[in-house]
Amino acid sequence: TATPPSAPAGTGVDTGAQIDEVTVALPGSVSSLYVGQEAGIINYYVASVSQEGLVKIAADGSIQPALAESWTQTDATTFVYQLREDATFQDGTPVTVDDVIFSIEKAQDAEVSPNFSWLLAGIESAEQTAERELTITLASPSVSFQWATSTSGALYVTSRAFWEENEGKVGTSDGLILGSGPYKVTEYVPDSFVSFERVDTWWGGVPTVKSVRIEFIPDDNTRLLAMQSGEVDMAFNVPAAQAAQWEDLDNAAVRYTPDLSYVGLQFDTAIAPFGDEHVRKAIAHSIDRDAVVDKLLRGKAEVATALITPESIASVYDGAAAREALAAVPQYDFDLDAAAAELAKSEFPDGFEAEITYPASGPQLGQAAQSLAQNLAKIGVTLTVTEVPLEEWYTTLADGVHGLGFMWYFSTTGDPGELSSWILGEGNASHYENPEIAALLAQAAVETDQAKRAELLIETNTLQAADAIDLPLWWGQSATAFSNDLGMNDYGPFAFFSPWPAALYRAG
Amino acid sequence: MSAALTRSGVVAGALGGRGRAGRTARRWPAASVAVSLTLLALAVLAVLLSPVVSEQALAQDIMLARLPIGTPEHLLGTDELGRDVLLLSVAGSASSLVGPFCIALGSAVLGLLLGSLAGYHRGVTDAVIGRWSDLLLALPVVLVAIVVAGVFGGGYWWTVALLIVLFSASDIRIVRAAVTEQAALPYVESAQVLGLSSRRIMFGHILPNVLPLAVTNMLLNAAMAIVALSSLSFLGLGVAAGSADWGRQLADGRAIMADNPAALFAPALLIIAVACAINVVGDWLLPRLTIGGRR
Amino acid sequence: MLALRILGTLALLIVLSMLIFLLLYLAPGDLVKNLLGIRNTSPEMIAQVRAQYGLDLPLHEQYLAWLGGVVSGDFGTSIRNQTPVGALLLDRLGVTLLLSGLAFALAVVVAVPLGAASAFRQGGALDRGISGFSILGLSAPSFAVGLLLLYVFAVALRWFPIYGVGDGLADTLWHLMLPAATIAIGLGAILVKLTRTATLRELTSDYVTFARARGLTRAQVVRLVLRNAAIPVVTGAGLVLTFMVGSTVLVETVFALPGVGMLLQESVLFKDVPVVQALTLAIAAVIAVIALAVDLLYLLLDPRVRHRELAS
Amino acid sequence: MIRVRDLSVHRSDGAEIVSALSFEVPDAASLAIIGESGSGKSLTAKAISGLLPEGLSASGTITFGDLTIDLAAPEAEWRGLRGGTVALLLQDPFTSLSPVHRCGAQIAASIRARGTRLSRAELRSAVERSLAEVQLPARVARQYPVELSGGMRQRVAIAAALAANPALLIADEPTTALDASTQAELLELLGTLQTERAMSVLLISHDLGLVRGRADDVLVVYRGRAMEFGPAQRVLDNPAHPYTAGLRASEPSAEVRLRRIPELAALPLRADSCASGHTDCTPEHPAVTTIEPGWWVSCTDFGGRGLTDAETTVVEDVPVPEPRDVLLRVDAACRSFAGKQALDGVSVVVGRGESVGVVGESGSGKTTLARAVVGLERLDSGSIEFAPRTPATSTGARARRARGVRGRDPRTVQIVFQDPYSSLNPAMRVDTMLAEALAVGKRPASDVAELLSAVGLPAELAAARPHQLSGGQRQRVAIARALATDPELLICDESVSALDVSVQAQILNLLAELRERFGVSILFVSHDLAVIRQITDRVYVMKDGRVIESGATSEILTSPSHPYTRALLRASLHEERTA
Ligand SMILES: Nc1ncnc2c1ncn2[C@@H]1O[C@H](COP(=O)(O)OP(=O)(O)OP(=O)(O)O)[C@@H](O)[C@H]1O
Ligand SMILES: Nc1ncnc2c1ncn2[C@@H]1O[C@H](COP(=O)(O)OP(=O)(O)OP(=O)(O)O)[C@@H](O)[C@H]1O
Ligand SMILES: [Mg+2]
Ligand SMILES: [Mg+2]
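Residue numbers (this note's numbering), protein chains in the order written: chain U, 7 to 514; chain E, 140 to 434; chain V, 794 to 1105; chain Y, 154 to 732.
Extracted from the complex, chain U is given alone in its bound form (with noise of 0.2 Å):
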């Protein structure tokens, strides 16, 4: 049921209208304008109506210009850009090679840009080999790495002038963030609004929107509200349980794009009783994923069938075989006998008492969990579902207590092997163990060809399944409502990881 990518959001055809403003709501707020400092999927929303990096991650998946005019791949861990001449700082300083690197520097700073120095940590040096060009030569060979210079990855370049000037209050409401986009930060108030104005200097071109207010607006009911009356034009993250709420709205219409999230449940192979497999599968025989996608999430979602998603491949797969490809992996359906059976193999015949936690902002997940519960007290096993905020969450992951879980996992970057590689790759959390897998990752992560590099990450995918260590259960699907006379262009998963309010229109 999914749109398909790229096609425009709105009912109406662009009538090639000025718009003077487009106020958006997100359901939360950032405590920094600098991506690097909190990385939350909103930071990332709004840092790239500003801010750019050296490519962007098209409609398609596929990896297109953005600041870098071209690039090349000399050897296995050397990348070239050509700067663009015409891009320029919303200052109207020019963008210069030198500001790349220092941008790259100041990401690869855990003290900085603690949040994903991490995805640039490969990078073992960043040169200026030419007035505009770039070489970059990495630690060791990174398939992955073309992605992480991306505004989906971590790339987010700033000037170097601005940064030293506002020195320890970049990103702040006090010293805002200079990038090279479309649109400069005007005002940044926390846990409220952060206001844009258009510039006529993007080498991009002059988007039809001048100025653009994102409100923070953290509560689902009052967001409804306000798109009702017409406060805002545009609001991310519609909640899926009020889909029915938002659809019913006379001046909105609701736009449903895959993601790229991944939400499955995950097994610390550690801790008892989780380190036998038939536990595991028992597990996996007693959730009922089509239900939960169908009645729970009311059908905004797919079932998930392996850990890379759908899209994430679509540059060598079209929709219908990457879907075909990825139900390959094996499956365990929904059958409760089968799972006493494997139980009852197991060294726990007799049930146990386990605890999950999911966090207070994934209403969805609990459910899914309280559903999870249900079955397994029919096969003799008691699950504790807890509520806990999301902070606490991520320290019940691997906290060495909690040996099932969720792995509620956004990926930016369109990689396929983003996620594969972390949790099933070495040191993973699940303490999983498997020779195979780990040869295949190795391969995949120099694999140039796409095609033959999904087909690697899709066996590491079947050999987890027969394992049973991950449980894929859903890819998750983002509802973005605009109201009836907005409309916006490349509406898709990757669309709000560049300048989106560039792709929006007066829709007529």
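Derived by calculation from the structure, the hints in this document are not laboratory data.
Each hint should be verified, as a subset may be incorrect.
Unchecked claim - Calculated from the model, a selection of chain Y residues having no Cβ within reach of chain V, i.e. all distances over 12 Å: (1) G191; (2) D360; (3) T466.
Unchecked claim - Distance ranges between label pairs, derived from CB positions: (4) G879(V) <-> L255(U): 37 to 45 Å; (5) V267(E) <-> D473(U): 55 to 63 Å; (6) A326(U) <-> L187(E): 54 to 62 Å.
Yeah, the Cβ is synthetic: ideal placement off N, Cα and C, and Gly gets one too.
Fit chains E, V and Y with the ligands to the known structure of chain U by using the hints.
Leaving out everything else, chains E, V and Y with the ligands in the frame of chain U:
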């Protein structure tokens, strides 16, 4: 979420202003008292019934999720997980009422104990207890709550205990004010001259005279505690996710207001109705409790 | 007396700050994870961040370092916002104080006359109506009240905006009207009860009988009573105000207001120690100041107290 | 002429509290209503000013000249009459003024209430005139009641009442809360104002001495019924009704000490077996016998009882030496409050078995002394020593527990306070209270009955709670509680001041009796010289925290050497002598 918590304190403080709220009771018409008493009786009945119905009430059938109000077999519809709202509301009465009742009672007891000590002994004891209640007021509820949840696991009764302590700040203040007023009266001095122990004077002599006030406040607190208890669940405290509880239903019901308004309004109305009933009955009962209230 | 009080408050603040430190230390959640995110778990990185924020020091040293800063007037920098705490606090406290003040003013303006009217017509239909509404106001969950007000006054009638704080004082006040009303409903319910009780108490006193006995008009008697009832009402209202500070988070969330309630909650969850410390202390200080103000007001309103205080 | 006809007050359950009172007050004259506590005096006053509390209703009429008002008239009608026609002055000057308004404003309110429009300056001078009329300086206008003494407050209240220019001023026990000298001055003032303004005054009191010479006529009421009406002078000198006679007799005298103060027995009001032979005598409307025009008595089936020997025996004044067997010795006691010296080197001795009085005007430090003796107040310097018969053992937890405040042994000294209403715990039953006190004295709880009978209370009252008792009964319970520990010294701080004469007589007799029976020493604090005269052997006179004179009561009260004592005496005798 802490608003519900602190609001009770506010009420208490208001009453504590001069500590004699019980004297001027409202005259509720007999009918509303009767209705309120009936309501409370029904609530008690529901509490007694809740263990019986809870298994059935908690049984999910996600295929029947969010049936609207008025569905045959599910008169008030179903919730997000396909549980019958009516049954769930009955089953939820125990968790929604027993804990809050204990909170109100516990904080009243704590308040009477510490408030009496502070009001009677004055001096250092008073200063320490006074600052203690200031401390309780200034402490961020979220912080204390997550610590309790983290350190003790945050079960229902731990949360009740936490709320008893937090609610007690206001009880302490009221009782202290009332005891201070009483302690200056000649009957207390007579008891002192008789050489009675201060414990005997505080709890044998003064306590019965400040009890009506503490009871009024307790009734108000009971109403607040219903909402407060469930408002902490997002911190992993109190009522576990998915259990039968009005506050929990209220929080979960917000999301499906459009599908089945009853999922939201049934618990909301129950909370309001019980709270009102408690207060009406309290206002009615209090003058009858006040010993020697008629002069 | 005043010195003693200030000393007591200072002692309270110090104990409070230690307690907060300890609680934050005990609280589940991990600042490092909050900063680094869940993926970034390399030990070097973790060690670096721990060192950066002094988390590798023993707890008492961390506390003393913080205390040292405070003594020299530096409340530190927010870990989450990377902004100096002082500035952050000033930004946020304004909204919350304005909100609280407005709510309080609304509650007083509406509830005190209602409470008094209810007392003057004790037992009548008006009295019962007012009492009934105040019980309702007390027991209705505030998010529900907020939503109802939003729906009626912002969406249906369009009298007020839905969210945010607006620019400039007038606009801000307009924006804060509904949130303030939400708080004021619960608050007003208490004030009604309080005013009614106080007024009834005054109504039975001798001076009222004497006032009537020498032929004072009804209006004169009402004024006499209200002026006397003001004393307990002010005390009670002061306490009410005390309880309200720092408990506005629900309303701030519903109406998307950047106040301290929201900041405190977020900072606690993030374990942003400097912010939690500063905020809690600020709230405690505000509470102490209000208590002091109430006592001073008491002195102003009640010649008896003034007489006693001046004598000693 | 102001006429009241058939004034009755009913409770909502129908019970009659005041029955068909009829009386008149001639223009520019004064009528006193006297009677015991609870006889309905205040309700009568309230009924004729339309101020009955909720739950009570009045019937009857009041006529001012050619204006007749139904006493059952609605509030709206009364509102127009109060102030200009009738004004009511309340008993307690400490509560009858609003504490938060300046005195001037309260007087001005009365002036404004008449509807006269005055400028600020005019108003201010009107207030000043009012104050001058009650002999207060103009500065009082800017002061708050709390800054004034009781007497001054009552003057302000009078000024406020008179500012409304009433034809009839009702003064309901206007001086009961004040000390003797202030009482006299105030009544003097009221008398002057009455003649100057040619206004009618209704003076309510339970104190015959006060009324003597200050009212033209007197109406004696008992349980809401008129007993006797007539010219004040003659009725009080020569009462025709036995009740009036009884009231008069129970007034203690400051001049002679009686062995026993005559007590008023309850009157049988049921005229079922009326012995008088009146044919139209019913309980509701007892027959009236006119003694002479303007003097009548109502019929009561009063068995009549003469005074007993004890009640007429005057105790011989014998010289009282300083005691040798000293029980209590207070030496150079000093105590100050906020710079004010409440006790300034007070030395007092009480011998074993002695009854010692402490007198002095309000604020002289009497209460502070009494409280210091029982340990409720600490001393800045000086000492208080007891020489108890059985010194408390200083060891053992039991002994420690039995210790009272500040180390006083509860079995050595006990106190009875002034206010019988607040000195008993409202939440406790009488027997619990007494049993608890008995336990302190290591006596069995079964002694409760004995204790009750010792203070003359029926055994049924054991189960009662204070609110079910009358003031006199409460004071008896308080005394019983104090006696439960078998104390050697009983301190009474104004213990009869709040009671009316008849109950006062009973309590004073009780104390004398207890002293005889148990050999208790008594330290009796009072501002009432007559009471002191009746109950003490020796007396200390205090002024400003010092003892200025001491000696045998009979001597001091007949030939005081200190001018202050003489002044005190004059003030208290004044009332009786003006006759
Ligand atoms: N509001 C009331 N409701 C019912 N009974 C009352 C009320 N007020 C007074 N009474 C009763 O009426 C009787 C007369 O009371 P009242 O106050 O007139 O006595 P009093 O003669 O003024 O006595 P005192 O000398 O003590 O002031 C008393 O027995 C009292 O208990
Ligand atoms: N607790 C106190 N605080 C302040 N001042 C006090 C206190 N107790 C007594 N005083 C003052 O000490 C003085 C003596 O008071 P005390 O009560 O002993 O007088 P008293 O002779 O008993 O007067 P009264 O006849 O009015 O009872 C008064 O001026 C009083 O105001
Ligand atoms: Mg009276
Ligand atoms: Mg005294």
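How the hints compare with the structure:
The Cβ of G191(Y) lies farther than 12 Å from every Cβ of chain V, with a closest approach of about 19 Å, so its non-interface assignment holds. Against chain V, the non-interface label of D360(Y) holds: every CB pair exceeds 12 Å, the least being about 20 Å. The Cβ of T466(Y) sits about 43 Å from the closest Cβ of chain V, beyond the 12 Å cut-off, so the non-interface label holds. Between G879(V) and L255(U) the beta carbon distance is about 43 Å. The supplied range of 37 to 45 Å therefore holds.
At about 60 Å, the CB distance of V267(E) to D473(U) agrees with the hint of 55 to 63 Å. Checked against the hint of 54 to 62 Å, the pair A326(U) and L187(E) passes, with Cβ atoms roughly 58 Å apart.
In summary, this structure violates none of the numbered hints.
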